[in-house]
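Residue numbers (my numbering), protein chains in the order written: chain H, 1 to 275; chain P, 276 to 550.
Simulated from the structure, these hints should not be mistaken for laboratory data. You may find that some hints are simply not true.
To be verified - Simulated pairs of lysine-lysine, BS3-like, Cα-Cα distance not exceeding 25 Å:
#: 1; chain 1: P; residue 1: Lys352; chain 2: H; residue 2: Lys70
#: 2; chain 1: P; residue 1: Lys345; chain 2: H; residue 2: Lys140
#: 3; chain 1: P; residue 1: Lys345; chain 2: H; residue 2: Lys70
#: 4; chain 1: H; residue 1: Lys70; chain 2: P; residue 2: Lys439
#: 5; chain 1: P; residue 1: Lys384; chain 2: H; residue 2: Lys70
#: 6; chain 1: H; residue 1: Lys77; chain 2: P; residue 2: Lys352
#: 7; chain 1: H; residue 1: Lys27; chain 2: H; residue 2: Lys70
#: 8; chain 1: P; residue 1: Lys535; chain 2: P; residue 2: Lys288
#: 9; chain 1: P; residue 1: Lys475; chain 2: P; residue 2: Lys439
Unchecked claim - If we take Cβ atoms under 8 Å as the criterion, some of the chain P residues that face chain H in the derived model are:
#: 10; residue: Tyr342
#: 11; residue: Gly343
#: 12; residue: Gln351
#: 13; residue: Leu420
#: 14; residue: Gln432
Quantities reported herein were computed from a predicted structural model and do not represent experimental measurements. Glycine residues also receive a C-beta, built at the ideal position from the N, C-alpha and C atoms.
The chain contents come next:
Protein chains: 2
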Amino acid sequence: MTTQQLHEQILLKKSFLCVGLDPDLTKIPPHLLETEDPIFEFNKAIIDATHDLTVGYKPNTAFFEAYGIKGWISLQKTINYINENFPEMFTIADAKRGDIGNTSSMYAKAFFEDLNFDSVTVAPYMGKDSVEPFLAFENKHTIMLALTSNEGAFDFQTLNINGKELYKQVLETSKTWKNSHNLMYVVGATKAEYFTEIRKIVPDSFLLVPGIGAQGGSLSEVCKYGMNDKVGLLVNSARAIIYASNGTDFAEKAREEALKVQQEMEEILSLRFQV
Amino acid sequence: MTTQQLHEQILLKKSFLCVGLDPDLTKIPPHLLETEDPIFEFNKAIIDATHDLTVGYKPNTAFFEAYGIKGWISLQKTINYINENFPEMFTIADAKRGDIGNTSSMYAKAFFEDLNFDSVTVAPYMGKDSVEPFLAFENKHTIMLALTSNEGAFDFQTLNINGKELYKQVLETSKTWKNSHNLMYVVGATKAEYFTEIRKIVPDSFLLVPGIGAQGGSLSEVCKYGMNDKVGLLVNSARAIIYASNGTDFAEKAREEALKVQQEMEEILSLRFQV
Numbered sequence: 001m002t003t004q005q006l007h008e009q010i011l012l013k014k015s016f017l018c019v020g021l022d023p024d025l026t027k028i029p030p031h032l033l034e035t036e037d038p039i040f041e042f043n044k045a046i047i048d049a050t051h052d053l054t055v056g057y058k059p060n061t062a063f064f065e066a067y068g069i070k071g072w073i074s075l076q077k078t079i080n081y082i083n084e085n086f087p088e089m090f091t092i093a094d095a096k097r098g099d100i101g102n103t104s105s106m107y108a109k110a111f112f113e114d115l116n117f118d119s120v121t122v123a124p125y126m127g128k129d130s131v132e133p134f135l136a137f138e139n140k141h142t143i144m145l146a147l148t149s150n151e152g153a154f155d156f157q158t159l160n161i162n163g164k165e166l167y168k169q170v171l172e173t174s175k176t177w178k179n180s181h182n183l184m185y186v187v188g189a190t191k192a193e194y195f196t197e198i199r200k201i202v203p204d205s206f207l208l209v210p211g212i213g214a215q216g217g218s219l220s221e222v223c224k225y226g227m228n229d230k231v232g233l234l235v236n237s238a239r240a241i242i243y244a245s246n247g248t249d250f251a252e253k254a255r256e257e258a259l260k261v262q263q264e265m266e267e268i269l270s271l272r273f274q275v
Numbered sequence: 276m277t278t279q280q281l282h283e284q285i286l287l288k289k290s291f292l293c294v295g296l297d298p299d300l301t302k303i304p305p306h307l308l309e310t311e312d313p314i315f316e317f318n319k320a321i322i323d324a325t326h327d328l329t330v331g332y333k334p335n336t337a338f339f340e341a342y343g344i345k346g347w348i349s350l351q352k353t354i355n356y357i358n359e360n361f362p363e364m365f366t367i368a369d370a371k372r373g374d375i376g377n378t379s380s381m382y383a384k385a386f387f388e389d390l391n392f393d394s395v396t397v398a399p400y401m402g403k404d405s406v407e408p409f410l411a412f413e414n415k416h417t418i419m420l421a422l423t424s425n426e427g428a429f430d431f432q433t434l435n436i437n438g439k440e441l442y443k444q445v446l447e448t449s450k451t452w453k454n455s456h457n458l459m460y461v462v463g464a465t466k467a468e469y470f471t472e473i474r475k476i477v478p479d480s481f482l483l484v485p486g487i488g489a490q491g492g493s494l495s496e497v498c499k500y501g502m503n504d505k506v507g508l509l510v511n512s513a514r515a516i517i518y519a520s521n522g523t524d525f526a527e528k529a530r531e532e533a534l535k536v537q538q539e540m541e542e543i544l545s546l547r548f549q550v
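Given these sequences and hints, build the entire structure.
Quick look at the structure:
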């Protein structure tokens, strides 16, 4: 999927919502636990109930790996289900990978080829040769951590390096890497006031924005400072949507929550775009 | 496994070698490709041929994930094989994970509980709450990236923060985290001259040292500057050992290479310890 196609999907659906799939057996509706693959059944129901309101899904690999081989099978089934039934969907493997070059090549192969995700999240700490193997895949997208939504973001990401915070240096340096046009960035919604500065460095890049919903970030603030003329935002919500209920009505309640966000997005989009 | 037990194993085996298991179907001996699970067969043969010369094995998760569900099955079989047959072995899931708190908890569960590794490598970029969920597991070890062996290490890790390089700040800050006694650190062998400074910050911690062998680091230099009075080093070698031959003699040749390293280690240890 190209960024132009993603932009078109956003205008078509009047939504830049991405639903995070963080399936946790201790939180999903108990009646699903009797099925053969509760994690997949949960994801499938959430996807079926929300796909017209969202432009993307972001399975978080940790929530599959925690269940070992069974979990990896659920992940494979989930991405296959999306690709087969909703090929217009932008898919994100939220995996936070990154290693020396030959190892990153294997991770890229895992997520872009074997599982056929459109994108994967990566960590920047190991630098250029840990990220470029991902960037080598054309029409696949590498979403690098810049400024995250958690408290620990202030441990290192905002440290001052010659008058500039580390996350800004990460953004600037990454622009010099080969195939940097395939980069997107993670910027937490809990830090909306930082978007102005970030847009000075990466005006055209798509930003994946976690942290609205359960983590407390504001959608309107994020859009005010972070939106560009291609929208340029994918706002993720996981817990607030997928765990809106843990009864038999969970999918319906998830849809209600997703609809609220989509409607807020439609209103925001209508002020700047022909939607 | 406790660090004291690891120290004892090192003196007993006269080795602080860890063998990296990076199974790549394009590199392993062609005759293994006819078996049902070539990756596991390869790992098993390497382990059988080297276990008396090493104190640890470090499967690199990327090389399993690249093969999808089959790869995850091979990973499960590999760690089970080690735990069942060589319970004295220190096992490292080289996974470079790290995410917001509830996600890191799931990764910790995946590697410490489901797969039952002794340790896992993590990335520091997301700070305290991305690492502490791993540290909460007693007698499990969290090996955090400090200064890596690759070229990209100079992109961010060595940037100057108020007169101090980022990797030093990472080391110092991590010491303030809850259960920081469960931390170890990755420090690349290709940067032996940095060990003196690192030992000033973390004198007692075990350091996992990649980069000898294929990446060109010197064992004697690493030991000169990095060894402490508990040895405090686990030196990893992967490609130079596991791909010493791709003929039917691959395990034998792997043993020869491991033996060379072990003998060099024995000589170094004999100068400082009763081995």
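Query raised in the report: Is the straight-line distance between the alpha-carbon of P:Lys352 and that of H:Lys70 25 Å or less?
Result: The given pair, whose Cα atoms are some 14 Å apart, holds under the 25 Å limit.
Query raised in the report: CA of P:Lys345 to CA of H:Lys70, is that 25 Å or under?
Result: At roughly 12 Å apart (the allowed maximum being 25 Å), H:Lys70 and P:Lys345 satisfy the hint.
Requested in this report: Please work out if H:Lys77 and P:Lys352 have their alpha carbons no farther apart than 25 Å.
Outcome: holds, 22 Å
Requested in this report: For the pair we were handed, H:Lys70 and P:Lys439, check the Cα-Cα distance against 25 Å.
Outcome: Between H:Lys70 and P:Lys439 the Cα gap is close to 45 Å, so the pair fails against 25 Å, i.e. violated.
Query raised in the report: Against chain H, is P:Gln351 within 8 Å by beta-carbon distance?
Result: With Cβ-Cβ at 6 Å, under 8 Å, it holds.
**Report entry** Straight-line alpha-carbon gap H:Lys27 to H:Lys70, limit 25 Å
**Finding:** Distance of about 18 Å is within 25 Å: holds.
Report task. Grab the minimum C-beta distance from P:Leu420 to chain H and call the hint holds if it beats 8 Å, violated otherwise. Result -> holds, 6 Å
**Report entry** Given hint H:Lys140 paired with P:Lys345 - CA-CA distance at most 25 Å
**Finding:** Holds, at roughly 24 Å.
**Report entry** Hint status (Cβ of P:Gly343 to nearest Cβ of chain H, threshold 8 Å)
**Finding:** Check passed: Cβ of P:Gly343 comes within 4 Å of chain H, closer than 8 Å.
**Report entry** Hint status (Cβ of P:Gln432 to nearest Cβ of chain H, threshold 8 Å)
**Finding:** For P:Gln432, the interface hint holds, since the closest Cβ of chain H sits about 7 Å away, which is under 8 Å.
Report task. For the pair we were handed, P:Lys535 and P:Lys288, check the Cα-Cα distance against 25 Å. Result -> Holds: P:Lys535 and P:Lys288 sit about 14 Å apart, inside 25 Å.
Query raised in the report: Is P:Lys384 within 25 Å of H:Lys70, Cα to Cα?
Result: Holds: P:Lys384 and H:Lys70 sit about 14 Å apart, inside 25 Å.
Violation of the numbered hints given earlier is confined to hint 4; every other hint is satisfied by the structure.
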